[in-house]
Amino acid sequence: MLLPPELSVSLRVERPMLPVQPCTPPRAPFCFSPSRLRFHRQHEFFEDGDIHRHLYLQDILTNVTEVTERSKVSEFCCHIVGCCQVFDTLEGYEHHYNTLHRNMCSFCKRSFPSVHLLDTHILEWHDSLFQIMAEKQKMYQCLVEGCAEKFKSSKDRKDHLVKVHLYPSDFRFDKPKKAKSSTKHSKPPSKLDMSMPMDVNVETYEQSQVDSMEICPSESMENPTQPVSGPISSLQEKKLYKSRIPSTICFGQGASRGFKSMKKKV
Amino acid sequence: MPAAWRSCGPADGSRSQVQARQNRRAQAWGTGLGPAGANRAGRGGGALRKARRQQQLVSKRLLREDSLVNGDGQAGVEIASEPLSEQEILQLLRDVQRGTEERKKLLSRLRQGLQHKECQQKFVRLEGSMRVLIGLFTSSLANVQMEAARCLHELSHSSDPSVAEACLPATSYLLTYLSGHSVEFTELCLYTLGNLAVESDAVRKQLLPQGIIPALTSCIQSPHMAVLEGLGYVLSQLLQAREAPTKIIPLVLDSVLPQHMLRLVSSNLELGMGVAVEFAWCLHYIVCSHVNNALLISQGIVSTLVLLLLELASMISKAATEGLELLICPVLRCLSNLLAEDETEVCKVQIQDERLLVALFLFMQYFLQQHPFLVQECLWLLNNLTADEPIFCSAVLTLDLLPALLQLLSCSRMVTLLALTVLCNIAEKGPAYCHQLHQKAVLPSLLSTLALSDAQVVGQSLELLHLLFLQLPEAVDDFLRQAGLQALEQHQDNPQLQERVRALSETYLQPAAASLISCADASAAVLTSS
Numbered sequence: 033m034l035l036p037p038e039l040s041v042s043l044r045v046e047r048p049m050l051p052v053q054p055c056t057p058p059r060a061p062f063c064f065s066p067s068r069l070r071f072h073r074q075h076e077f078f079e080d081g082d083i084h085r086h087l088y089l090q091d092i093l094t095n096v097t098e099v100t101e102r103s104k105v106s107e108f109c110c111h112i113v114g115c116c117q118v119f120d121t122l123e124g125y126e127h128h129y130n131t132l133h134r135n136m137c138s139f140c141k142r143s144f145p146s147v148h149l150l151d152t153h154i155l156e157w158h159d160s161l162f163q164i165m166a167e168k169q170k171m172y173q174c175l176v177e178g179c180a181e182k183f184k185s186s187k188d189r190k191d192h193l194v195k196v197h198l199y200p201s202d203f204r205f206d207k208p209k210k211a212k213s214s215t216k217h218s219k220p221p222s223k224l225d226m227s228m229p230m231d232v233n234v235e236t237y238e239q240s241q242v243d244s245m246e247i248c249p250s251e252s253m254e255n256p257t258q259p260v261s262g263p264i265s266s267l268q269e270k271k272l273y274k275s276r277i278p279s280t281i282c283f284g285q286g287a288s289r290g291f292k293s294m295k296k297k298v
Numbered sequence: 003m004p005a006a007w008r009s010c011g012p013a014d015g016s017r018s019q020v021q022a023r024q025n026r027r028a029q030a031w032g033t034g035l036g037p038a039g040a041n042r043a044g045r046g047g048g049a050l051r052k053a054r055r056q057q058q059l060v061s062k063r064l065l066r067e068d069s070l071v072n073g074d075g076q077a078g079v080e081i082a083s084e085p086l087s088e089q090e091i092l093q094l095l096r097d098v099q100r101g102t103e104e105r106k107k108l109l110s111r112l113r114q115g116l117q118h119k120e121c122q123q124k125f126v127r128l129e130g131s132m133r134v135l136i137g138l139f140t141s142s143l144a145n146v147q148m149e150a151a152r153c154l155h156e157l158s159h160s161s162d163p164s165v166a167e168a169c170l171p172a173t174s175y176l177l178t179y180l181s182g183h184s185v186e187f188t189e190l191c192l193y194t195l196g197n198l199a200v201e202s203d204a205v206r207k208q209l210l211p212q213g214i215i216p217a218l219t220s221c222i223q224s225p226h227m228a229v230l231e232g233l234g235y236v237l238s239q240l241l242q243a244r245e246a247p248t249k250i251i252p253l254v255l256d257s258v259l260p261q262h263m264l265r266l267v268s269s270n271l272e273l274g275m276g277v278a279v280e281f282a283w284c285l286h287y288i289v290c291s292h293v294n295n296a297l298l299i300s301q302g303i304v305s306t307l308v309l310l311l312l313e314l315a316s317m318i319s320k321a322a323t324e325g326l327e328l329l330i331c332p333v334l335r336c337l338s339n340l341l342a343e344d345e346t347e348v349c350k351v352q353i354q355d356e357r358l359l360v361a362l363f364l365f366m367q368y369f370l371q372q373h374p375f376l377v378q379e380c381l382w383l384l385n386n387l388t389a390d391e392p393i394f395c396s397a398v399l400t401l402d403l404l405p406a407l408l409q410l411l412s413c414s415r416m417v418t419l420l421a422l423t424v425l426c427n428i429a430e431k432g433p434a435y436c437h438q439l440h441q442k443a444v445l446p447s448l449l450s451t452l453a454l455s456d457a458q459v460v461g462q463s464l465e466l467l468h469l470l471f472l473q474l475p476e477a478v479d480d481f482l483r484q485a486g487l488q489a490l491e492q493h494q495d496n497p498q499l500q501e502r503v504r505a506l507s508e509t510y511l512q513p514a515a516a517s518l519i520s521c522a523d524a525s526a527a528v529l530t531s532s
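In order, the protein sequence lines correspond to chains A and B. Heads up, the first sequence stops at 298 in our numbering, and the numbers go up one at a time, no gaps. Heads up, the second sequence stops at 532 in our numbering, and the numbers go up one at a time, no gaps.
There may be inaccurate statements among the hints.
[Unchecked claim] Derived PhoX-like pairs (lysine-lysine); straight-line CA-CA distance at most 20 Å: (1) Lys104/A - Lys442/B; (2) Lys168/A - Lys187/A; (3) Lys195/A - Lys184/A; (4) Lys107/B - Lys195/A; (5) Lys182/A - Lys195/A; (6) Lys207/B - Lys249/B.
The hints are simulated quantities; they were obtained by calculation from the structure and are not laboratory data.
Produce the complete structure using the sequences and hints provided.
What follows is the structure, given as structure tokens:
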């Protein structure tokens with residue numbers, strides 16, 4: 033295209049605007065009148081550009097940002113006391129740290145996926161004033177960020193989560209605080225062992241209590257006295273710990289302790 | 003653009019991986035794409051156009067590793083994966099539950115299998131499989147969780163809608179994890195959500211009450227580019243939905259997201275434009291839905307976008323930047339539509355920065371060969387700028403941009419039409435403008451457009467002629483001398499054009515021709531008599 037050279041220079045030169053003559057309306061059969069055009073979202077005008085955008089998303093076109101690759105570093109250990117996981121990538125370590133250590137309750141050592149859930153947990157579990165106030169007013173806050181509803185009980189909150197926010201009724205991060213007396217063996221037999229703990233965790237523990245809003249413990253057991261030790265102990269990753277830490281002691285992650293958890297199943 | 007898994011450590015610079023990725027992409031162009039792949043620089047294929055017209059253009063993004071990441075630390079080549087049988091899937095899931103082998107490896111195997119559509123379908127049909135996968139996805143074992151997340155991501159990318167819908171139970175967790183801190187994991191969750199959101203009404207109907215807007219609002223404060231780009235992607239998919247103008251855009255406008263979008267659309271351009279691209283498209287989807295553009299205008303969208311275009315224009319002259327058109331396109335659209343906002347609802351948007359004019363011409367020059375679609379988008383903005391702002395009309399002439407504009411008259415139909423409209427805008431401003439147009443050789447170009455067969459293009463040419471003839475008598479004579487009458491006459495039987503052809507002939511050309519002839523007679527008489 034024939035663009036004049038030194039356009040940026042020309043811009044700075046003072047150029048008086050050409051005089052305007054007031055426009056008269058068009059005379060038939062001519063109909064032109066200057067107007068600003070407006071196109072709505074589905075207009076045909078956007079077709080080519082939209083297809084270009086589509087192809088970009090489908091990863092056909094060249095990347096606009098740099099591709100940086102993962103780098104491996106020499107093996108190192110998580111520095112949190114008692115956690116002996118080993119890593120060879122920084123991302124792996126970052127993710128582990130964020131999953132297990134970042135939002136950890138300092139009272140009971142449970143881990144949460146977010147600060148918001150951690151704060152709610154601390155308030156509801158470790159704040160004695162909360163329990164007192166909860167008797168008189170609605171204190172249980174909805175878990176969905178942006179929803180300001182409060183409820184009298186954990187159950188009411190769960191009902192709200194399910195009904196209004198369409199959360200699953202077995203939402204992992206909202207288990208009731210009280211012990212569960214029954215387990216899930218009413219399901220028809222399926223090809224997969226549904227009674228097996230859904231959650232996969234690092235440590236063995238005998239405690240089968242499921243606590244609210246936390247990540248770690250296993251689902252309720254069929255037989256309360258049966259320890260979960262079997263399948264998990266065969267985990268290869270566990271070998272690192274097993275040799276170092278007696279299975280009865282658990283640091284920094286799980287809910288159970290070497291000594292029986294105070295929150296016993298009734 | 004999503005990269006391969008990003009490193010937060012020192013960049014390894016393993017070129018082989020980058021090359022493998024590029025080779026894979028080049029291959030995709032040649033093979034499975036069909037007409038869409040054949041025309042990279044120009045139009046998309048017929049299938050894509052049809053899909054867009056039916057509002058079925060479903061764009062999904064896939065983050066996928068190029069090499070198998072195992073404990074060996076070797077950057078391997080992509081391992082050709084075979085689809086898994088139903089029995090194999092079942093066995094994998096059982097083994098994962100029992101932990102008979104290293105879970106991460108098992109899930110990797112599953113993930114590779116899930117790259118295949120039949121395998122995806124088998125997986126979701128197996129009773130309990132999703133439940134197990136979600137259980138692993140919410141595990142406290144970070145690497146298991148990550149691998150499960152990748153499986154979920156593969157499922158979200160499926161071209162089978164029922165597969166994507168099977169991921170519905172995972173959405174509450176995907177949203178919960180958006181407030182986490184692991185960049186890679188969060189990125190993955192975002193793209194998974196985006197893929198699900200674009201696929202299915204059912205998913206969106208669930209995501210909104212589950213609080214996706216508040217979740218995105220907190221996530222948008224992340225400093226990580228990968229997360230922001232993913233977030234932009236999710237948002238763009240939501241904003242594109244059919245029900246967006248009524249159900250989604252109002253919620254977004256009610257939140258603080260627009261302010262963040264405006265901030266992010268012009269940020270970090272040198273580091274990588276992926277983030278800006280996503281939010282530019284988000285803004286376009288909002289603006290072109292005309293829900294509440296007054297709000298965006300009050301937040302300074304016009305000046306933000308004008309400054310952005312100026313900056314992009316300066317980047318063009320410095321170095322070739324790939325993918326610039328992906329950012330420029332939606333920004334142009336926003337500005338054009340904002341300029342055309344209904345004046346009863348919002349006070350008229352005025353732009354008067356002449357540098358914008360130069361930027362537009364620079365874009366058109368730069369993209370004319372590679373991405374011609376952008377030329378028409380630039381001209382649309384140019385039309386809206388010149389329609390009632392004489393400052394721009396004058397600048398086109400005084401900055402000597404007319405030759406470039408006239409060159410566009412030999413391009414595609416839409417480009418020619420828009421260029422003619424801009425010329426009409428200029429001519430309408432007054433005789434001084436017509437004079438300049440005439441001086442700078444607009445007539446020869448018009449004669450070329452008159453030779454075209456498209457009635458709308460010819461019609462617009464006639465309108466321009468009318469404006470010129472009305473205000474500049476000498477243009478009439480010149481037109482005649484250049485065989486203009488004959489050029490017009492070829493259209494005199496076209497019902498769309500004949501009235502205007504006749505009007506021009508009778509009002510201007512025939513009288514002028516007559517006086518020319520009588521002048522010639524008079525001169526001849528003088529000559530012969532002397």
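For each hint, the structure was consulted:
1. Restraint check for Lys104/A and Lys442/B: not satisfied, since their Cα atoms lie roughly 64 Å apart, outside the 20 Å limit.
2. For the given pair, Lys168/A sits about 16 Å from Lys187/A by alpha-carbon distance, which is consistent with the 20 Å threshold.
3. Our distance criterion of 20 Å between C-alpha atoms is met by Lys195/A and Lys184/A, whose separation comes to about 16 Å.
4. About 38 Å separates the Cα atoms of Lys107/B and Lys195/A, which puts this hinted pair outside 20 Å; it is violated.
5. Using a Cα cut-off of 20 Å, the hinted pair Lys182/A and Lys195/A holds, with the two alpha carbons roughly 15 Å apart.
6. Restraint check for Lys207/B and Lys249/B: satisfied, since their Cα atoms lie roughly 10 Å apart, inside the 20 Å limit.
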